[in-house]
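Protein chains: 2
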Amino acid sequence: MTEMDINDYMHGLGTGARNASKALAKASLHQRNDALLAIATEIEASAPDIKAANVLELIKAREAGLDEAMCDRLTLDDTRIEGMIANLEQVAALPDPIGAIDEVRTMPSGIRVGKMRVPLGVIGIIYESRPNVTIEASSLCIKSGNATILRGGSESLRSNEAIARCVARGLIRAGLPEQAVQVVGTTDRAAVGSMITMPDFIDVIVPRGGKGLIERITRDAIIPVIKHLDGNCHVYVDSGADLSMALDISDNAKTHRYGTCNTMETLLVAESEASHFLPQLSERLRAKGVELRACTKAKAFLPEALDATEADWWTEYLAPILAIRVVSDVDEAIEHINRYGSHHTDSIVTEHHGRAEQFMREVDSSSVMINASTRFADGFEYGLGAEIGISTDKIHARGPVGLMGLTSQKYVVFGSGQVRV
Amino acid sequence: MTEMDINDYMHGLGTGARNASKALAKASLHQRNDALLAIATEIEASAPDIKAANVLELIKAREAGLDEAMCDRLTLDDTRIEGMIANLEQVAALPDPIGAIDEVRTMPSGIRVGKMRVPLGVIGIIYESRPNVTIEASSLCIKSGNATILRGGSESLRSNEAIARCVARGLIRAGLPEQAVQVVGTTDRAAVGSMITMPDFIDVIVPRGGKGLIERITRDAIIPVIKHLDGNCHVYVDSGADLSMALDISDNAKTHRYGTCNTMETLLVAESEASHFLPQLSERLRAKGVELRACTKAKAFLPEALDATEADWWTEYLAPILAIRVVSDVDEAIEHINRYGSHHTDSIVTEHHGRAEQFMREVDSSSVMINASTRFADGFEYGLGAEIGISTDKIHARGPVGLMGLTSQKYVVFGSGQVRV
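Going down the list, the protein sequences come from chains P and F.
Under numbering that gives the first Met the number 0, the first residue of the first sequence carries the number 0, and numbering increases by one thereafter.
Under numbering that gives the first Met the number 0, the first residue of the second sequence carries the number 0, and numbering increases by one thereafter.
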């Protein structure tokens, strides 16, 4: 297709989505849940087709030399298909995120003013290789009354289309338009360029993927973007902290999973605790194969560690590596975090009330924790029921984004003939 | 200045603002209110200087041939200066928009999770000729704990700088950094280009001005924008409506002020009411000099009206002109509004509960009203205390934007040593 053809094609998807979004916004909770459960049934019935499409793509991916991690993410085996079905059932069980009218107050003029929770309209989701995101994203959008246009990775187009056919059949069975969920049917990169510049058809873009992808989309989009950049997370062990608790939290924040955005990358330790705490920590982490990179002061208690450089403070390792820095007090810890961190998730381990309050107030991150592992920064652990991503933006949605992040509030005014004087 | 010099200059302002935002985020309510009141005192004391700077700019504007409306907006007379002082005092009297922790719930893991209301950081405001916006914007940003960079119209730079000197002195007197509020000191257009592409220094852009300015900023910005586009507002007079109420609301929505974004531009009338309602309305509005443009069906009852064309349905007149269309029922009214309207403010006049509910649910506008004049869509009338603008966006803030629109919520987690299993 030429670029003009692609624009026409994308605008066609956009028109379908915009029309479908009107039907979805009117659909009852019952109807939206019916659609989710019907899709689950269709996925179950079509599992052989989905796996067949996926196997062909896996073969192509291996031929093209994609690494094992990528191939693993691309794979749709029985466990992942069951996971997709479970996801649909879980989202169907969640309470309705739309329709509530809150904060209704009577004004001096006599009008009553409130805010009604409504869908955003059409959500564009751009993601990389994991085809199960097709169901995660579809289920959240349908539940929140939004239409969606999905652009997945080129290596998983056939898998995504096989899943999308199930979604379409489920929507139709529930009496909803199949254009409520549409997968972009071309792997041409120009489709992304078109998608992020059609504000008449898409209300918000949610990119999920590597930093490069997200930065490019943010730069070129003229539609609002809910983005998820990196997670350079910290734990600060305060003066007088319970060191056994600090040990457990640091260990968990670093080693529970290395590749997640809420994993600790730098540990900060108050000077007063360094001599007791660091040798114990080193023993625990080195037993698990974690490489330590320490500042000069920390090195005094960690002779086996490598030297940390300035670059380490900026780095999201996503690997069994931990940077360690000794700081004089909570002020220096906060300054370090706000300077080098990515405003994602940071935790203090402390027994001191005032410093806990100060840390909570002054650390400028989407999640700030007291005496808990950074690994808790997650939609499920926060009780959101599901998660479309973790926003590192400050506007609209910050931190784990659940169904509410896919809604807006409009003002509703109840009058009895009032006019403005 | 060359473009590179301007980038350096803007990054200098940005660095100052970013640092100041940290001090503001920590400042107590008392300190922020002190600053607002100190600024009011400074404005009062410096009124002669402000007026002197303004008079010179007015002379230049008249020489340059600016029209009277523009010159009026540029003028800072005693009334406007008193208005600025009153604005500062009003904002100081508002409750603190930041610091509240809401929705705290205990999760199965034992952590307690809540959301804390915090400032956004640095807000960039780009506006046209009205120099009193300098105070409106400064007061809202200071109150909400945000630093701000203000870029006003080139014809009012000296007036804005005179006001900014008062703001700086007031901030210093309250012990806050003067960089908390900075006016861009160059009229070079490249400064705007720089401002909307420095996400490291500015968290959100609020443009206030004509549609052209706002569209350009939205297109080129790589920072989130809270925008206010046009207001093509509707009143729909439903079948069986109280026609005396419909008359008052229509009259008020059209004629209370012609140039505001919440003024009605198209009136929709149910077919059953057209013959009774339209002649009465015509009498009321023509007495006030309003030109009527009617569809074919409406013309049967409005022989004196001009013919409305498709273009009229799309137009925000901001003038004593009203487009009138007869529709068969509420469905057709909703369809017209969602198609031709600008999703700003729309009202139904009805006595029918079901149709009121349907209109409220299905009209996709930032304010949807039942039996009230569209003129109520306003931060003060909605009890927000003040308003930075009316957002036609769906994400972050929709409709009138008060202090809350300049805040974000971060997650706060209270643990007692929990780790993730």
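Some hints here could point you the wrong way.
Claimed, not checked - DSS-like, lysine-lysine: derived pairs with alpha carbons at most 30 Å apart:
#1 Lys287(P) <-> Lys298(P)
#2 Lys114(P) <-> Lys114(F)
#3 Lys59(F) <-> Lys21(P)
#4 Lys21(F) <-> Lys21(P)
#5 Lys50(P) <-> Lys114(P)
#6 Lys210(P) <-> Lys21(F)
#7 Lys114(F) <-> Lys59(F)
#8 Lys59(F) <-> Lys210(F)
#9 Lys114(P) <-> Lys210(F)
Hint data in this document are derived by calculation from the structure and do not stem from the laboratory.
Evaluation of the provided hints:
no. : hint                    : verdict
1   : Lys287(P) <-> Lys298(P) : holds (20 Å)
2   : Lys114(P) <-> Lys114(F) : holds (19 Å)
3   : Lys59(F) <-> Lys21(P)   : violated (52 Å)
4   : Lys21(F) <-> Lys21(P)   : violated (43 Å)
5   : Lys50(P) <-> Lys114(P)  : violated (45 Å)
6   : Lys210(P) <-> Lys21(F)  : holds (27 Å)
7   : Lys114(F) <-> Lys59(F)  : violated (51 Å)
8   : Lys59(F) <-> Lys210(F)  : holds (25 Å)
9   : Lys114(P) <-> Lys210(F) : holds (27 Å)
Hint violations for this structure: numbers 3, 4, 5 and 7, all remaining hints satisfied.
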